[in-house]
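So the protein sequences, as listed, match chains C and B.
Going by the working numbering, the first sequence opens with residue 1, and the numbers climb by one from there.
Going by the working numbering, the second sequence opens with residue 1001, and the numbers climb by one from there.
It should be emphasised that the hints constitute simulated quantities derived from the structure, not laboratory data.
We treat Cβ as the ideally placed atom computed from N, Cα and C, and that holds for glycine.
Careful, some of the hints might be misleading.
What the hints assert, rightly or not - Okay, the calculated beta carbon distance ranges per label pair: (1) B:Val1439 <-> C:Leu25: 24 to 32 angstroms; (2) B:Ser1004 <-> C:Phe24: 47 to 55 angstroms; (3) B:Pro1262 <-> C:Gly192: 23 to 31 angstroms; (4) B:Ala1437 <-> C:Glu369: 53 to 61 angstroms; (5) B:Ala1454 <-> C:Ser72: 45 to 53 angstroms.
Claimed, not checked - Selected chain B positions facing chain C (in silico; Cβ < 10 angstroms): (6) Phe1005; (7) Leu1024; (8) Ala1027; (9) Val1028; (10) Tyr1139; (11) Ala1379; (12) Lys1390; (13) Leu1391; (14) Ala1395; (15) Tyr1403; (16) Ser1413; (17) Val1425; (18) Met1429; (19) Arg1468.
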Amino acid sequence: MPGFESLLTIILLIPLAGALLLAFLPAGNARRLRLAALAVTLLTFLASLPLVFRFDASAQGMQFVQNVPWFSVGGFSVDYSVGIDGISLFLIVMTTFLMPLSILGSWSVQDKVKPYMILMLLLEVGMLGVFVALDLVLFYVFWEVQLIPMYFLIGIWGGADRIYAAVKFFLYTFAGSLFMLAALIALYFFNGAESFHILQITERLASEEILLSFRAELLLFLAFFLAFAIKVPLFPFHTWLPDAHVEAPTAGSVILAGVLLKMGTYGLLRFCLPMFPNASVALAPLISVLAVVGIIYGALVAMVQPDVKKLVAYSSVSHLGFVVLGIFAFNLQSIEGATYQMLNHGVSTGALFLLVGMIYDRRHTRRIEDFGGLAHRMPLFAALFMVITLSSIGLPGLNGFVGEFLILQGTFLNSAAFAVFAATGVILAAVYMLWMYQRVFFGELTIEANRALPDLNLREILTILPLVVMAFWMGIYSQPFLRKMDSSVQFIVDRIEDSRRDQIFRVENRGN
Amino acid sequence: MEISFLAVAPEIVLSVFGIVLMTLIPAVGRARQAQLGYLALVGVGLALVASLVQWGERDVVFYGTIFQDDFAQYSKILFLAALGSIILTSIHYLRQEELLRAEYFPLLLFSGVGMCLMAASADLIVTFLGLETLSIATYVLVGYRTRVMQSTEAAIKYFLLGAFSTAFLLYGVALVYGATGTTKYLEISRAISQFDGLPTGLLLGVGLMVVGFGFKIALVPFHVWAPDVYEGAPVPITAYLAVASKAAAVVAFLRILYQVAPELSSEWHAILWVTAVLTMLIGNVAALTQTNIKRMLAYSSIAHAGYLMIGVTVHNQLGAQGVLFYLVAYALMSLGAFTVVQLIGRRNEASVQIEDYAGIGFRFPFLGLALSVFLVSLAGIPLTAGFAGKLFLFAAAIQGQMYWLVVFAVVASAIGVYYYLRVMVLMYMREASGEIAPVDLPMATRVLLAVMIAGTLILGIFPGSILRLASEAMQF
């Protein structure tokens, strides 16, 4: 696409330059710092819009590609290589979309505003980098680098148990990804073509120019899978999530749930499935079981939480279980549904965390029992919360429905049992969300402190309204989103189909 | 060429400056002793230039006892740069501790001569002489805080164990001489290639030399001295031991295994492998429980010796380059970390407990940022020199198909992250229990730290140039 080769690089550079700019602003003027950060993130969002308009849905492969050698010495070469396909496209736009809202949602941060905003912008660079990187080392660099700002955001501006949560978050992710580092270096040497380029390696694996024994493939798959499963998080790797989500400041939770978790599922789609289809197929039943366990377990634990934020955190475990289940059902509906559900989860859970943050700012508590009857005092807040609640539980006409429906439909084609069990998760979601909603908003206003609560102010409305609009838009008119994903998802499905056909062929030959 | 003074010009310059400084000590008043430090710095600078101009020269001089090659120059430049930064931080340290007696600087210069000789040596006797020159100077320097019991204890411990390990080295040299009939590297190499099967004496000899070098590198199980000595020594000397003296032994060891007796590496492979794994694991695990930051960095330096051993063990081109690259990376981040530790330690090294770092990050933003960059690099997180170094070493091991070695390295790195993070947790996430006393940060040290931060990041983002130099250095 002539004229747009550097667009992705520019999108990466805007927040980076913004962070540098903020470093030179005086720390005393918090308002100016907030506005500057907001302006930078809005600019990044605007810069990312041409990606959507210029994206060619009919073309296979990567678009907006830029490739520059990074360093190359003695048989070791790494490129700065970026590009997007139908899967990463929307994840990028979702990231740039959520960032300004998170900054708006951080207005209540009073302490050390300057480092906070700088870290937020650096975090954005890291997250966007993960989604655009086409070189394994570059991917790993971004994957790790975004940990540091998030670590500090949780550890400095978080709640009471922030240090424990921050360290746990960092260690889990870091330990998981080190094996991925080893695996990607191994891929480089198996490739033998002096390149870490993701597409090249994927193609050479597909055409069997790189021949992996099944054992090697399985080990490589597991090394990547571990990193992604921790990030998603897939049951039983999820224990860092409730801590991190609950302790993080509001914007941190929004970004964690909205974007960081999607890095894991994105990694599964970008690496595990297309590179190691045989291992993926072989382990799919096991992974699907874990996903279903996660769906039901997450929902059950969410149901009994006394803390709204923790409830939302556990609901993420449940929702992400759907995504993983969809990915490992290996058909067009299920994977498209999973990708769509990643976006939905970003919108609805991001919005839920923002809403919880708004009430926390007013009352400095998030316990359900401290509320009740809020609808009387804060009708607007209650209404918006209702829309997002319904979007989260997948009411038709809102975004969550489309993703969950596609996932369940695709899974059913693959295995009816998984689909049936997973569907109970949808019911449970309705139970815990509506029950929570009822206890917080309906009934009488019994607690004195809640009588004087003001409804949302203009800034808060501006923070949440875009997400509500998106929830409707993505629920009613999903076709433009799904159509842009088609060819990229089809590529992954084909890859799995090929490997299955080869296996059947081999088995038949052995039978003769 | 048989006699070439250029080849040993760095050593000559350092020696001359050392002798001149010693004669100047009585002439210069007590108040102006610090100026001798700056004079020493000039000497190191000149030696650095003398080494730089020889880049690309390739010769064996002084009757086959001294190499003049890029490997020697690469190592010397690294040593001299480290030495320079140590002298710079020492001036401030000695002034603060009121330990300004000028023998300090000649001793450092003489130890520098020893290191340079080790890098260039083409003869076991010269290697031994270099090691001894280095060691004896550092024995004295470790005990330089004469008012502090721990420092004296550290010096005695270091001296006794060091002397013991040097004996091993010397015995090893004797055995190698017995097996090959020569102490000259090139002749040993020729003799080995003519052997039909390796004689036991040679294997044993090199094995004993591993003990000698292993002591200086602080490889497990020869590491037990390191924590006590690192804790007792003055901080700049701790940094010096952790970086320069370790690097000198690694370089000498690397030359023997890669250039002189590559045939031996397969024989010694299993032992090197085990040593590498143990060093990485024990260093990192022991560091977890430390409460004193000098001891923590001591164990961290043991762990990093283990990572270096990956490159030595795998015995391929990428591994050797990786070691040379990692030495530079490690020098930057470790010297940087110790410099911050020295500054935060304040007078009498009063604040060297990890607890003392609570709240430092926001109280001293520059020092906090600096230490964070160095710790992040030590932990091996991308965009820092430490990550690039680990990437190359891991890659070398994977290329050599030593997958288990990589698995252990990965596990060790994952453990290591915890204690580096802990310092950052204290710096930024905890409040100090009382008022934080001010820190004296001289301009020269500030500039030095800035250079080290820049170096750590530049090596992490653009590792190509140093790696290219390392690959040239490995063309024996």
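So, going through the hints one by one against the coordinates:
| no. | hint | result |
| --- | --- | --- |
| 1 | B:Val1439 <-> C:Leu25: 24 to 32 angstroms | holds (26 angstroms) |
| 2 | B:Ser1004 <-> C:Phe24: 47 to 55 angstroms | holds (52 angstroms) |
| 3 | B:Pro1262 <-> C:Gly192: 23 to 31 angstroms | holds (25 angstroms) |
| 4 | B:Ala1437 <-> C:Glu369: 53 to 61 angstroms | violated (46 angstroms) |
| 5 | B:Ala1454 <-> C:Ser72: 45 to 53 angstroms | violated (23 angstroms) |
| 6 | Phe1005 | violated (33 angstroms) |
| 7 | Leu1024 | violated (45 angstroms) |
| 8 | Ala1027 | violated (49 angstroms) |
| 9 | Val1028 | violated (44 angstroms) |
| 10 | Tyr1139 | violated (39 angstroms) |
| 11 | Ala1379 | holds (8 angstroms) |
| 12 | Lys1390 | holds (8 angstroms) |
| 13 | Leu1391 | holds (7 angstroms) |
| 14 | Ala1395 | holds (5 angstroms) |
| 15 | Tyr1403 | holds (8 angstroms) |
| 16 | Ser1413 | holds (6 angstroms) |
| 17 | Val1425 | holds (6 angstroms) |
| 18 | Met1429 | holds (4 angstroms) |
| 19 | Arg1468 | holds (5 angstroms) |
The earlier numbered hints that this structure contradicts are 4, 5, 6, 7, 8, 9 and 10.
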